[in-house]
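Here's the letter readout for the chains.
Protein chains: 2
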Amino acid sequence: MHIILLSGGSGKRLWPLSNDVRSKQFLKMLPGTEGQQESMIMRVYRQIMTADSGASITVATGKKQVSSIRNQLSDKVNICVEPERRDTFPAICLAASHLRDVQGVPEEEAVVICPVDPYVELPYFRALCELAELAGDGKSNLVLMGMEPTYPSEKYGYIIPTDRQRISGVSTFREKPDLETAKEYLRRGALWNGGVFACKLKFLLEKAHEQISFVDYKDLYEHYGEQKKISFDYAVVEQEKSIRVLRYAGTWKDLGTWNTFTEAMEGNTLGRVTLNETCENTHVVNELNVPILCMGCKNMVIAASSDGILVSNKEQSSYIKPFVEKMTGQVMYAEKSWGSFTVLDVQENSMTIKVVLLPGHSLYYHSHEHRDEIWTVISGRGTALIDGEKRTVAPGDVISMPAGCKHTVFADTELEIIEVQLGREISVEDKQKYELPGDCGLIREN
Amino acid sequence: MHIILLSGGSGKRLWPLSNDVRSKQFLKMLPGTEGQQESMIMRVYRQIMTADSGASITVATGKKQVSSIRNQLSDKVNICVEPERRDTFPAICLAASHLRDVQGVPEEEAVVICPVDPYVELPYFRALCELAELAGDGKSNLVLMGMEPTYPSEKYGYIIPTDRQRISGVSTFREKPDLETAKEYLRRGALWNGGVFACKLKFLLEKAHEQISFVDYKDLYEHYGEQKKISFDYAVVEQEKSIRVLRYAGTWKDLGTWNTFTEAMEGNTLGRVTLNETCENTHVVNELNVPILCMGCKNMVIAASSDGILVSNKEQSSYIKPFVEKMTGQVMYAEKSWGSFTVLDVQENSMTIKVVLLPGHSLYYHSHEHRDEIWTVISGRGTALIDGEKRTVAPGDVISMPAGCKHTVFADTELEIIEVQLGREISVEDKQKYELPGDCGLIREN
Chain S
580 MHIILLSGGS
590 GKRLWPLSND
600 VRSKQFLKML
610 PGTEGQQESM
620 IMRVYRQIMT
630 ADSGASITVA
640 TGKKQVSSIR
650 NQLSDKVNIC
660 VEPERRDTFP
670 AICLAASHLR
680 DVQGVPEEEA
690 VVICPVDPYV
700 ELPYFRALCE
710 LAELAGDGKS
720 NLVLMGMEPT
730 YPSEKYGYII
740 PTDRQRISGV
750 STFREKPDLE
760 TAKEYLRRGA
770 LWNGGVFACK
780 LKFLLEKAHE
790 QISFVDYKDL
800 YEHYGEQKKI
810 SFDYAVVEQE
820 KSIRVLRYAG
830 TWKDLGTWNT
840 FTEAMEGNTL
850 GRVTLNETCE
860 NTHVVNELNV
870 PILCMGCKNM
880 VIAASSDGIL
890 VSNKEQSSYI
900 KPFVEKMTGQ
910 VMYAEKSWGS
920 FTVLDVQENS
930 MTIKVVLLPG
940 HSLYYHSHEH
950 RDEIWTVISG
960 RGTALIDGEK
970 RTVAPGDVIS
980 MPAGCKHTVF
990 ADTELEIIEV
1000 QLGREISVED
1010 KQKYELPGDC
1020 GLIREN
Chain E
580 MHIILLSGGS
590 GKRLWPLSND
600 VRSKQFLKML
610 PGTEGQQESM
620 IMRVYRQIMT
630 ADSGASITVA
640 TGKKQVSSIR
650 NQLSDKVNIC
660 VEPERRDTFP
670 AICLAASHLR
680 DVQGVPEEEA
690 VVICPVDPYV
700 ELPYFRALCE
710 LAELAGDGKS
720 NLVLMGMEPT
730 YPSEKYGYII
740 PTDRQRISGV
750 STFREKPDLE
760 TAKEYLRRGA
770 LWNGGVFACK
780 LKFLLEKAHE
790 QISFVDYKDL
800 YEHYGEQKKI
810 SFDYAVVEQE
820 KSIRVLRYAG
830 TWKDLGTWNT
840 FTEAMEGNTL
850 GRVTLNETCE
860 NTHVVNELNV
870 PILCMGCKNM
880 VIAASSDGIL
890 VSNKEQSSYI
900 KPFVEKMTGQ
910 VMYAEKSWGS
920 FTVLDVQENS
930 MTIKVVLLPG
940 HSLYYHSHEH
950 RDEIWTVISG
960 RGTALIDGEK
970 RTVAPGDVIS
980 MPAGCKHTVF
990 ADTELEIIEV
1000 QLGREISVED
1010 KQKYELPGDC
1020 GLIREN
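So the sequences go chain by chain: S and E. Every letter in the first sequence is one number past the one before it in the working numbering, and letter 142, counting from 1, is 721. Every letter in the second sequence is one number past the one before it in the working numbering, and letter 379, counting from 1, is 958.
Hints are computed from structural coordinates only; laboratory data are not their basis. Bear in mind the structure is a predicted one, so any value in this text is a computation, not a measurement. Any given hint could turn out to be false.
Because identical chains share one entry, a pair is satisfied inside a single copy or across any pair of copies.
[As the list claims (entries may be wrong)] Simulated pairs of lysine to any residue, SDA-like, Cα-Cα distance not exceeding 25 angstroms:
| no. | residue 1 | residue 2 |
| --- | --- | --- |
| 1 | Lys-900 | Glu-856 |
| 2 | Lys-1012 | Gly-983 |
| 3 | Lys-905 | Asn-855 |
| 4 | Lys-734 | Thr-751 |
| 5 | Lys-779 | Glu-856 |
| 6 | Lys-1012 | Glu-842 |
| 7 | Lys-969 | Arg-705 |
| 8 | Lys-900 | Ser-792 |
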């Protein structure tokens, strides 16, 4: 099965754990295998491979998520990167041309498309396999998965099927209805539209070429910014006559708010947390190294990360977005393809961060125009390249890099470095990248 | 007026802002002059000097508080340091001999003794001046201040006066009564015993020599650890026949718990805090650099520091102590006589801290046996002394000090340094102090 996972979202609703560079699908807060916590994307990957060990996964996403995906799934998935965000129709067109032109997938093969972020169980992925089979049988151009509603929701779109069979035709689509209309839909056997569907790759490419003028993946990638923002539902699904829907009745939750997210947690706490005996229905997630003590908390969600601290009544937590939008500060922690960084101290003319490089990984070879940097290695071993000169590094080693100095470091074992940045204009934009010198004997793997 | 301020307390009840080295009297959370926040001890100092600009203050305290007192009040007060904690009778005897033998105070002069931590207003200090005058008139050996009760408290000791006059004799003392007994005391015009009294220095010294065999301050200091733990109330006040009490009816609050402490705050928040419109009767103190967002919090106190985070219902917050006692971790922030330090990162074999040195101050000249240290200066200017060699330091300078290397730094302007400590056994005990070399031209002022 070929599967395109749509990975979007700015992640403001799960602040302070999610931020601009870490969407909710990357939060390692769900119970995984062997007692480890896993993220939504790690969970989805594991579930897909359990349902179909031969599945080929392509994650369609924006630039900001590439590091997190590589950090959590390494090279086990293909990544199709949108140069900028353009809604689902252009994103799916780009992913479809990636499958054809980059991965060489035959156009007759079936492709399943689904969002990365619903919280689901294994039967959902078994249903996706069935969806791929239905797409392959050629009896309709498009096959949707319709979720059996559990209540008359006003926040979902509805698929109105032609009958109540497990697999049926589609009569029409309806956007978010009011409560009374939603109740009427449920009486008529309507299904929630979860944005999950399957078709042959050929069909996706036909629709892409019908509405966008492009030659191949490379051409579409280069002109991606010119595409208009339009959803695949609107551009394709709702226009299509040759269409079927498969009913799915298992777990399907949107973990988009703290209130719903905490329901999927295994216990009430993650990290260093003490709840006294008078706490009730309270969930606490602590990513900091210091303890949280909660006393007499009722129906609350508390979350702490290096970006900030949320203390909220559970019901109120759904209204977080406008407050978080005002809090655009320094990103204090980020996962990168090569490891992670944590901001330890910010002053007017300096910033101190901790860099963790995973074994076998390295930074880009780069320099800064407006700041000096000083590395102090605190653990691990590796090789630094400083203005073309190689040197091995170990705990206690110090390297000073004035502005303009080209530098990188390769980790042999996990390498931890305290980096002090000094300058009047410290900014992530101040970074020039270089090719590694051909004779240095170092090769970047990531 | 000579005044002995008793400064004790381990500060567990106001965790995470107070800790072993920072008792509640040093928390800068009260509204001060010119829009600045001040601590209880800063507030008490300011109030005493307003009531009596000629007052001479001696703080009787333990070793751990000396740095904080010097940091907040510099050399404006005398400090009488108990080598170890022995309750109030030995502490007051030590302070009395300090007044006589170190400060040269004549024995005929009156001395007022009071705890540093009640939250009071200026009339309280005017009453202290009156108390000193009464002690000076020689009509009784001891004069107490009795607080007019505002409710039948079960947690205070009571003074039962001989009559209801403003100044009266004392009939007897009673310890924490039950509610019904407390009500009866109030009907009889009883007063709360706040541990505030005045007498001539001579009287204190007589009582000291009666019960402790010692020659002078130095002698008592050296044998201080042998003294038994006994309160001044028990050893002296309750035995004394020649005694009067002055009624005081103004503000007198114990800010010993979060519930009472927050009542003395000017607004509901300190630091980077957002309360949404659904929060009610909630106080938040944030010493961290990251924002706290509170939504739908009712009757809560939230406090965050580099030691930890408390999220508590206000009433529950009085039961914090046993939980905090279990959380004996690394002290993450401390005020020192020379400035402060903040722990930024703790790993198995390393610790990264930020050191802030105040202008004109310096560290002890010292070395460590089991760890290497690396300094990176991030702001300010000063002079370092490394194994006897002087060098000026400025932002960007790096100094590596292997184990055994003697080092210190003197700040010309406020100096900020990132210090990386590397070793298998990092501990505050691993510190050898040295005299500065006579020819180095540097003198420690603090």
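Structure-based check of each hint:
{"no.": "1", "hint": "Lys-900 to Glu-856", "verdict": "between (31 angstroms within a copy, 14 angstroms between copies)"}
{"no.": "2", "hint": "Lys-1012 to Gly-983", "verdict": "within (11 angstroms within a copy, 41 angstroms between copies)"}
{"no.": "3", "hint": "Lys-905 to Asn-855", "verdict": "between (33 angstroms within a copy, 13 angstroms between copies)"}
{"no.": "4", "hint": "Lys-734 to Thr-751", "verdict": "within (18 angstroms within a copy, 73 angstroms between copies)"}
{"no.": "5", "hint": "Lys-779 to Glu-856", "verdict": "neither (56 angstroms within a copy, 51 angstroms between copies)"}
{"no.": "6", "hint": "Lys-1012 to Glu-842", "verdict": "neither (44 angstroms within a copy, 55 angstroms between copies)"}
{"no.": "7", "hint": "Lys-969 to Arg-705", "verdict": "neither (52 angstroms within a copy, 73 angstroms between copies)"}
{"no.": "8", "hint": "Lys-900 to Ser-792", "verdict": "neither (37 angstroms within a copy, 70 angstroms between copies)"}
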